[in-house]
Amino acid sequence: MSVARPGVRYFGDGGLLQDGGRRRRFINSLGFVVVLVTTTIAIVYPFYWMVMASFMPLGYSLGNETPLILPKQFSLEPWLAIFHERPLLLWLGNTTIINVTATFVVIPVSLLASYSLNRYRFRGRMPFIVFVLLGQLLPASALIVPLFLMFRDAGLLNTTGGVVIAYITFMLPTAIWVLWGYMQGIPLYFEEAALVDGCNRFQAFRLVTLPLAMPGLAATSLFIFLDGWNHYLLAFVLAGSTDQWVISLGLFAFIGAYHTEIEQMMATSVVAAAPALVVFALLQRHLRGGLALGGMKG
Amino acid sequence: MTTSRSSLPWLLLAPAGLLIIAIIYVPLVYSALISLTDAHLLRFSSAEFIGFGNYERLLARARLTTSLWRTFTYSAGVVVLSFLTGLFVALLMNRTTMLRGLTRTLLIIPWATPWLVVTLIWYVMFNPQIGPINEVLNLLGVLDVGHSWLYSSETAMLSIVIATSWRLFPAVTLILLAGLQGIPPEQYEAAEVDGASAWARFRYITMPGIRTVSITMLTLLTIWSSKLFTMAWTLTQGGPGDATRVLSVYTYQEAFGSNRLGRGSALAVISLLFSLLLVFVYLIVLRRDEEKAEA
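Residue numbers (the numbering used here), protein chains in the order written: chain A, 1 to 298; chain B, 1 to 295.
Hints in this document: simulated from the structure, not taken from any laboratory.
Beta carbons are placed, not taken as given, at the ideal position from N, Cα and C, and that holds for glycine.
A few of these clues could be false.
[What the hints assert, rightly or not] Derived Cβ-Cβ restraints for the label pairs, each shown as a range:
#1 B:Ala178 with A:Leu188: 21 to 29 Å
#2 A:Pro187 with B:Gln187: 30 to 38 Å
#3 A:Val34 with B:Trp199: 38 to 46 Å
#4 B:Pro128 with A:Ser75: 23 to 31 Å
[As the list claims (entries may be wrong)] Reference listing, derived: stretches of chain A covered by chain B, where coverage requires no fewer than 3 residues with Cβ under 8 Å from a Cβ of chain B:
#5 68-74
#6 136-142
[What the hints assert, rightly or not] Residues from chain B shown here face chain A by an in silico Cβ test under 8 Å; the list is partial:
#7 Leu58
#8 Leu59
#9 Ala60
#10 Arg61
#11 Ala62
#12 Leu81
#13 Leu84
#14 Leu116
#15 Val117
#16 Leu120
#17 Ser248
#18 Gln253
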């Protein structure tokens, strides 16, 4: 794992973390490994602990010394309990339905918008961009009161449809933003060539631009779908009854209880985190760029 | 590019535009209107216009100032901690290609974990009885009794800053790493030949090389951390006392905890102005930076 092998020079750190001299280099590389290991532990350990705790017998954490690396006993109890005692599958189902529906609406809508912003220059284009960007700046907490009242009056409170509408809107600015980046990478002259060859605008879009935009569309849908796991406040206020809950609300309910069932809570957390992590891990190579920025939103 | 006078571009924008107007901008105006009334959740129909009464009452209290200060502290803490950690790890990763693939995969873990799961993980990490953090501090002999990280007003803010930064710093790392890799190695070689110190190389080659991407990153971190609700609500419910009552939590508490929709809406308008102010400050910084770069 040694890094600074003699004779090999590394400049890439910007010069801050290394300097000349062989002995000094050895000390540096030792320090480097220590720092790297510490950082890795800081990144991974909390997550590791969650997975480990989900396999401890129920109540284990309260009765025993905190296990740091492995507990003395393992058990599947928490996993059986969360599926028996709580409507976890229902919440997972709700989450999936809401996110999939929202994604299916957001993608075509944002595709049209980003196509328009990319291919045409027209009066009001810049104001529209600012309008979308400002929409993204607004904190959900600033809109939650009127949304609650409007949805109540429209009979959308505590309905899956209501949550979907809210999710769609909060996902739209990000989707337009990310897709726009992809669209900019598709040269306009491909489409112009198709027009010269006798296609109309729609055909040129469908036969030339759309296939080229597919990877971007796939990445954006995926990102939007995963982003849906994070819109907590909207679901919190708009979906009141437990039947309509999404998984994040089910998770939060663990903390409200008189005593927290750590093992069950951790098992449920693993369930909630799994889809996002699996998808990210499988597709991380294809998803850099826009996703990197989008994935940070709260 | 096509310069168009037809209505086609607007037709294409219409679905997105209408949705954003209906669900973001109409509520925004509505919120501003409600903030001028004494609306209450349970007797909303009898709400009366009271002008700037809500704002006057809010401004007269120390609570708002405290909450603004908490928002600022939280946001600043998260921006500083996640940016510095992110930069540090990016510099480490840029130093060697070994392990880069592995580290990159590991970095995905906090970043892809849903926010609420992140809060629950840290809820357990900080737990006074069973939390691994206290356990480790005990083993190291730093701390004897179980310290209640989240329920003590001295450490509650620090705790949620740490938890939030754990989720955010990997994105900073990945984006800064891309920036670092764009700096040509010849520049460092030339600097070395000229006898530039490590610090000088960092100051005059690395920092300018990642300046723009850093400013973008800092802007985004500021915006997102200033409007984050999940952390401060789930981990501490704004407490203990008002130790972590950031604006988003305060708004929620007024509107749905005390059912005072009018005052909650006034807070919403104030937090909106606060966000705009932050963005405005950054735009000024960015413009000044560009002017300096051109000069």
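Hints and how they fare:
1. B:Ala178 with A:Leu188: 21 to 29 Å: For Ala178 of chain B and Leu188 of chain A the Cβ distance comes to about 27 Å; the hint holds.
2. A:Pro187 with B:Gln187: 30 to 38 Å: Given a distance of about 32 Å, which is inside 30 to 38 Å, the answer is holds.
3. A:Val34 with B:Trp199: 38 to 46 Å: Violated - the Cβ-Cβ distance for Val34 of chain A and Trp199 of chain B, about 22 Å, lies outside 38 to 46 Å.
4. B:Pro128 with A:Ser75: 23 to 31 Å: holds (24 Å)
5. 68-74: violated (count 1)
6. 136-142: holds (count 6)
7. Leu58: violated (14 Å)
8. Leu59: Cβ of Leu59 of chain B sits 18 Å from chain A, so the hint is violated.
9. Ala60: Violated - the Cβ of Ala60 of chain B stays beyond 8 Å from chain A, reaching only about 22 Å at its closest.
10. Arg61: For Arg61 of chain B, the interface hint is violated, since the closest Cβ of chain A sits about 19 Å away, which is over 8 Å.
11. Ala62: violated (21 Å)
12. Leu81: Violated, about 12 Å.
13. Leu84: Violated. Min distance 13 Å.
14. Leu116: Hint holds; Leu116 of chain B Cβ to chain A Cβ min 4 Å, cut 8 Å.
15. Val117: holds (5 Å)
16. Leu120: holds (5 Å)
17. Ser248: Ser248 of chain B check passes; min Cβ-Cβ to chain A is 4 Å, inside 8 Å.
18. Gln253: violated (10 Å)
In the structure shown, a violation is registered for the earlier hints numbered 3, 5, 7, 8, 9, 10, 11, 12, 13, 18, in ascending order.
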